[in-house]
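Chains as they are written, first to last, in the numbering used here: chain A, 1 to 302; chain B, 303 to 501.
Honestly, I wouldn't trust all of these hints.
Computed footprint of chain A on chain B; a stretch qualifies when at least three of its residues, placed anywhere within it, have a C-beta under 8 Å from a C-beta of chain A [what the hints assert, rightly or not]: (1) 362-374; (2) 400-414.
With a straight-line cut-off of 20 Å between C-alpha atoms, the simulated DMTMM-like cross-links for lysine to aspartate or glutamate are [said to hold, decoys possible]: (3) K423/B / E154/A; (4) K490/B / E464/B; (5) K95/A / D476/B; (6) K378/B / D451/B; (7) K110/A / D97/A; (8) K141/A / D476/B; (9) K110/A / D69/A; (10) K96/A / E464/B.
Cβ-Cβ distance ranges computed for the label pairs, FRET-style [said to hold, decoys possible]: (11) P250/A / L460/B: 47 to 57 Å; (12) D123/A / Y363/B: 49 to 59 Å; (13) P474/B / F56/A: 52 to 62 Å; (14) A131/A / D498/B: 57 to 67 Å; (15) D461/B / T192/A: 49 to 59 Å; (16) S501/B / E165/A: 36 to 46 Å; (17) A131/A / S386/B: 22 to 32 Å; (18) E464/B / S105/A: 48 to 58 Å; (19) N157/A / G399/B: 40 to 50 Å; (20) A279/A / S386/B: 21 to 31 Å; (21) Q376/B / D123/A: 18 to 28 Å.
I should point out that these hints are in silico values taken from the structure, not numbers from a laboratory.
Every residue, glycine too, gets a C-beta built ideally from N, C-alpha and C.
Read off the chains here:
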Amino acid sequence: MQENEIEKEDQQESQHQHHRRHHHKKSKLKSVVYCVLSFFLSLTLFLFSICMILNFTVFSKDYMISTMDSQGYYSMVKYELQTRMIHLVDASGFKKDFAVNFTNSYDVKKAVDDYITSFYSNDSTLVDTTAFKQQLYQAVKQYANDENIEITPEVENNVIYFINEAANIYVDQISIPFFSVIGRYLYSASSTINILSASLAILTAIIVCIIDFTNQFKHRRYRYTCYGLIGGALTTFTLPTAVLSLNMIPKVNITTHSLYNLFVGYFNTLFYYFYICVAVMVVLAVINFIMYVKYYNKYRSA
Amino acid sequence: MPAASSYLSIANMFFSDKEVKLIKEHNNIFVPVEDSSVASKDETSKKPETVSISSFTFPSYEDQFGELTIDDCQIKADLFFGDSWYVLGNGVGIYNGSAIPGYGRTILIAGHNNTYFNGLKHAKEGQIVKIRTNYGNYTYEITGMKITDNEDRSAYDLDKNEENLIMYTCYPFDTLGLTDLRAFIYAKYVSGPMIDKNS
Chain A
1 MQENEIEKED QQESQHQHHR RHHHKKSKLK SVVYCVLSFF LSLTLFLFSI CMILNFTVFS
61 KDYMISTMDS QGYYSMVKYE LQTRMIHLVD ASGFKKDFAV NFTNSYDVKK AVDDYITSFY
121 SNDSTLVDTT AFKQQLYQAV KQYANDENIE ITPEVENNVI YFINEAANIY VDQISIPFFS
181 VIGRYLYSAS STINILSASL AILTAIIVCI IDFTNQFKHR RYRYTCYGLI GGALTTFTLP
241 TAVLSLNMIP KVNITTHSLY NLFVGYFNTL FYYFYICVAV MVVLAVINFI MYVKYYNKYR
301 SA
Chain B
303 MPAASSYLSI ANMFFSDKEV KLIKEHNNIF VPVEDSSVAS KDETSKKPET VSISSFTFPS
363 YEDQFGELTI DDCQIKADLF FGDSWYVLGN GVGIYNGSAI PGYGRTILIA GHNNTYFNGL
423 KHAKEGQIVK IRTNYGNYTY EITGMKITDN EDRSAYDLDK NEENLIMYTC YPFDTLGLTD
483 LRAFIYAKYV SGPMIDKNS
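All chains, full assembly: derive it from the sequences and hints.
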């Protein structure tokens, strides 16, 4: 009788042990699966952040124009154009102050904005020099009249040569190097980026739902979501920090003031967007962590 | 790392190793030298005096390193190394594919026809061109003039193994606008220290 009871107890004990081992194995497997899910969550969050940043910056005409505004690009272009025109005018037998009148900030801003807009809307419009040439031709005629210079056919040819050269300088100053090439790619890639952003948003939501709905305990839901968010924040943080710590941007080989300022301002603001995304993810991670602590304490006390 | 090196080389083309200097101010290294204070001058020999290449600062692009004077043409202009728009707005400039005075090769100097080289319209054979640099003073004598198209490469020989000076500007003078013609004024070497490239 006693032996039977002992045997029964032993059996029960071994069953318990087997059950515990099985439970432990299952729990370990589960945690591995959730860690992998957290990893994918951080990856999708990182890629989603990049897509969103690109959408709001590189693929946005407004971002380019607002950067130009904030960096004083238009006035610098006007100044550089005027300086180059003074050199040209100086080489062409005019008085230096002749160059001062045919460049104004409004015309420069309009020409630059039209140029930028044409590339973001896939129009391969070149810089329109018609008005500039007409204005210059009228100014030359007026100048010759004021200075009593006779416009012979030979001088007329020289003046046309001068106007064409001035127009080339104007085009060169208004346009951004390589932008015509990049602009085409920007336009064709913008729809892909939109699709990619939407897909990544859906994928992120699915991963969060899986973590949420398949976890029995609330504290674990928050824990794995928190892992994903921290991972996403760290990866997003690394990219701009690496570039900024190398201090490459201020060393870019651009020697015109306007383009240099535009380039540096453009990328610095782009990196701020990265840090904004990092901040959002960190805030969400902290909220998840607080929730985790709250539910973990409840679980422990229960 | 070897795999990344080619990409790093490409990146280095776009980035400098120091912050870019954007202020447009030329470097003036011109400190006039007295004829008697030329470095390594050999006064005892009858050979032309020499100046050691290591004894002076070799001009960089857009550096002002001298002064060009032609008294008969009323020309007195700062001399730069390079012939950019900036340089020609401030003086006359040596084409950086040619040589500097004393190098024993062709010196090709450009200037605007309505400003610094306007006086070349009075250029005549036998007139003296003086060039003062930060390492020595030179004299050349005008030997001729040629009007030609701006595409005419036969107007100058940059490979000539003889010290000679060519000044060029747009032609005609005092005209409004830009022209396709160029006036070349040729001058032969008269005096000045030759650069000793081996010391």
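Unsatisfied constraints (hint numbers, rising): 1, 2, 6, 7, 10, 11, 12, 19, 20, 21
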